[in-house]
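Position chain A relative to chain H; hints supplied.
Going down the list, the sequences are from chains H and A.
Everything in the first sequence is counted per my numbering, starting at 8 for the first residue and increasing by one.
Everything in the second sequence is counted per my numbering, starting at 4 for the first residue and increasing by one.
Keep in mind the hints are simulated off the structure, nothing from the lab.
Be a bit skeptical, because a hint or two may be false.
Unchecked claim - Below 27 Å or equal to it, Euclidean Cα-Cα: the simulated BS3-like pairs (lysine-lysine) are:
1. H:LYS67 - H:LYS197
2. H:LYS184 - H:LYS96
3. H:LYS96 - A:LYS35
4. H:LYS123 - H:LYS197
5. H:LYS188 - A:LYS42
6. H:LYS189 - A:LYS35
7. H:LYS197 - A:LYS35
8. H:LYS188 - H:LYS67
9. A:LYS42 - H:LYS183
10. H:LYS96 - H:LYS189
11. H:LYS183 - H:LYS197
12. A:LYS35 - H:LYS188
13. H:LYS67 - H:LYS96
14. H:LYS189 - H:LYS67
15. H:LYS67 - H:LYS184
16. A:LYS35 - H:LYS184
17. H:LYS184 - H:LYS197
18. A:LYS35 - H:LYS183
19. H:LYS96 - H:LYS188
20. H:LYS183 - H:LYS67
21. H:LYS189 - A:LYS42
22. H:LYS96 - H:LYS183
23. H:LYS246 - H:LYS316
24. H:LYS184 - A:LYS42
25. H:LYS96 - H:LYS197
Said to hold, decoys possible - Covered, in the sense of this in silico footprint (three residues per stretch, anywhere, with C-beta under 8 Å from a C-beta of chain A), are these stretches of chain H:
26. 107-114
27. 153-164
28. 171-183
29. 191-203
For each residue, glycine too, the CB sits at the ideal point set by N, CA and C.
Okay, here's what each chain looks like letter by letter:
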Amino acid sequence: MIGTREVEESPVADGIHGGVAGVLEHDVIPFVSYPYEWTFSMLRDAALLQLGLLRRSLDKGLILKDSTPFNIQFRGAEPVFIDVGSFEKLREGEPWAGYRQFCMLFLNPLLLQAWKDVPFQPWLRGSLDGISPQELRNLLSLRDRFRRGAFTHVVMHARLERRYEERDDDLKGELKKAGFKKELIAANVKGLERLIGRLRWEPPQSTWSDYGLETTYSSEDAERKARFVRAAVESEGPKLVWDLGCNEGVHARIAAETADYVVAMDADALVADRLYNALRGEGRQNILPLSVNVVDPPPGLGWRGAERKPLPQRGRPDLTLALALIHHVSIAGNVPIAEFLDWLRRTTRSVVIEFVSPDDPMARRLLARKRPNDHPDYTEDWFDRSLRERFDVVRSETLAGGQRTLHLARARS
Amino acid sequence: MTSPLSYIDPGSGSLFLQALAGGVAAVGVIGKVYWRRVKRLLHIGKPEDEGSPS
Numbered sequence: 008m009i010g011t012r013e014v015e016e017s018p019v020a021d022g023i024h025g026g027v028a029g030v031l032e033h034d035v036i037p038f039v040s041y042p043y044e045w046t047f048s049m050l051r052d053a054a055l056l057q058l059g060l061l062r063r064s065l066d067k068g069l070i071l072k073d074s075t076p077f078n079i080q081f082r083g084a085e086p087v088f089i090d091v092g093s094f095e096k097l098r099e100g101e102p103w104a105g106y107r108q109f110c111m112l113f114l115n116p117l118l119l120q121a122w123k124d125v126p127f128q129p130w131l132r133g134s135l136d137g138i139s140p141q142e143l144r145n146l147l148s149l150r151d152r153f154r155r156g157a158f159t160h161v162v163m164h165a166r167l168e169r170r171y172e173e174r175d176d177d178l179k180g181e182l183k184k185a186g187f188k189k190e191l192i193a194a195n196v197k198g199l200e201r202l203i204g205r206l207r208w209e210p211p212q213s214t215w216s217d218y219g220l221e222t223t224y225s226s227e228d229a230e231r232k233a234r235f236v237r238a239a240v241e242s243e244g245p246k247l248v249w250d251l252g253c254n255e256g257v258h259a260r261i262a263a264e265t266a267d268y269v270v271a272m273d274a275d276a277l278v279a280d281r282l283y284n285a286l287r288g289e290g291r292q293n294i295l296p297l298s299v300n301v302v303d304p305p306p307g308l309g310w311r312g313a314e315r316k317p318l319p320q321r322g323r324p325d326l327t328l329a330l331a332l333i334h335h336v337s338i339a340g341n342v343p344i345a346e347f348l349d350w351l352r353r354t355t356r357s358v359v360i361e362f363v364s365p366d367d368p369m370a371r372r373l374l375a376r377k378r379p380n381d382h383p384d385y386t387e388d389w390f391d392r393s394l395r396e397r398f399d400v401v402r403s404e405t406l407a408g409g410q411r412t413l414h415l416a417r418a419r420s
Numbered sequence: 004m005t006s007p008l009s010y011i012d013p014g015s016g017s018l019f020l021q022a023l024a025g026g027v028a029a030v031g032v033i034g035k036v037y038w039r040r041v042k043r044l045l046h047i048g049k050p051e052d053e054g055s056p057s
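The following block holds chain H by itself, in its conformation from the complex:
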């Protein structure tokens, strides 16, 4: 079984008495993430894991009683199923109770993005139950209705759901008597695996997807920046690193050379998706790519806002990389510099932060969209003063002819 191993003889098993067939122990997932932070390929791989497990369970006379992506976590770029309690004995003649949930939380979000190029993340963040067949059906064009899988899983599904909404038929009993058997579930699961395995998200060029190519860095400056980050990671010795605005993941990879685990976040879901696919290809298990916008981070959700935790409550980073980020947060995101540094001080122990001068071409481009005096706090002096009020600056280095400055700083308590 994936993500769980059977514990042979251990002190854990000694403490448990009476009628216990076995003891299972989960490997610790280094950082918890949720589907509304995953990229398209992450949700697709999670869906394929869920279906693969279900198919193999059926062979053994078992079934998964639910199908929620919240039962899947990522260890780096590897999806891991974490809910052993989901397995139960298959009752002959009964359909798959989790099919509807699978459609709402896996299939429909994937179809929405693959067919309509509409990101599923905001929808899943807005509704923990997912996207209903009816809702997705309402979004499909005539052309979409002829796509593979659309008629059965969306159009017919929506229609049947409406038809049976008000009726109290014993449908389960009827199906059983008519000879419903597990081979039908297996055929459905295989069909879903084929359908989902072929789904691709092919968006038009996103804002930052070619960012790596158009940064203002010379290769020499890029090398110095990499050295600065490597030295910072070595001197701070972090277990958990956050890389905010990770882009292609160059610096997340450097951090992962020595840190235990790196959470690499980017507001651009396409950039994060490319990083995921690259890491998945390499079998990396210590860099977790996520699609997260630091100025609009995932909040607490669900009952009492406590079922799904806000990002900072899932593990405090020892070191945070905020490279070429400040101009996005301050100018594009309208978060005052002092406010951002306050948040950083409370969130992380140390930070490598890069100040991008207002004269830098990237910053100028963002400032050009604003009125002349919209960002009076966006100056190097104000940034320096605000940083030193909240952090002890360990070392600094100036790059790109003075237009970019790197600081390694430790939060004051």
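Relative to the frame of chain H, chain A by itself:
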């Protein structure tokens, strides 16, 4: 229809759909469901064949 044995709502329409999504083998099951409904309507079913009261 409520399902006492699952903690999430499987959805009646979704249950029915699974017979459709099961491919060729499913045709027989759907046919049988409807055949039974017709028989029940015409009161020609044997007693043990009867489903829940309509």
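Here's how the hints hold up against the structure:
| no. | hint | in the structure |
| --- | --- | --- |
| 1 | H:LYS67 - H:LYS197 | 16 Å, holds |
| 2 | H:LYS184 - H:LYS96 | 20 Å, holds |
| 3 | H:LYS96 - A:LYS35 | 26 Å, holds |
| 4 | H:LYS123 - H:LYS197 | 24 Å, holds |
| 5 | H:LYS188 - A:LYS42 | 22 Å, holds |
| 6 | H:LYS189 - A:LYS35 | 17 Å, holds |
| 7 | H:LYS197 - A:LYS35 | 24 Å, holds |
| 8 | H:LYS188 - H:LYS67 | 14 Å, holds |
| 9 | A:LYS42 - H:LYS183 | 17 Å, holds |
| 10 | H:LYS96 - H:LYS189 | 12 Å, holds |
| 11 | H:LYS183 - H:LYS197 | 21 Å, holds |
| 12 | A:LYS35 - H:LYS188 | 13 Å, holds |
| 13 | H:LYS67 - H:LYS96 | 9 Å, holds |
| 14 | H:LYS189 - H:LYS67 | 11 Å, holds |
| 15 | H:LYS67 - H:LYS184 | 23 Å, holds |
| 16 | A:LYS35 - H:LYS184 | 8 Å, holds |
| 17 | H:LYS184 - H:LYS197 | 24 Å, holds |
| 18 | A:LYS35 - H:LYS183 | 10 Å, holds |
| 19 | H:LYS96 - H:LYS188 | 14 Å, holds |
| 20 | H:LYS183 - H:LYS67 | 20 Å, holds |
| 21 | H:LYS189 - A:LYS42 | 26 Å, holds |
| 22 | H:LYS96 - H:LYS183 | 16 Å, holds |
| 23 | H:LYS246 - H:LYS316 | 21 Å, holds |
| 24 | H:LYS184 - A:LYS42 | 14 Å, holds |
| 25 | H:LYS96 - H:LYS197 | 20 Å, holds |
| 26 | 107-114 | holds (count 3) |
| 27 | 153-164 | holds (count 4) |
| 28 | 171-183 | holds (count 11) |
| 29 | 191-203 | holds (count 5) |
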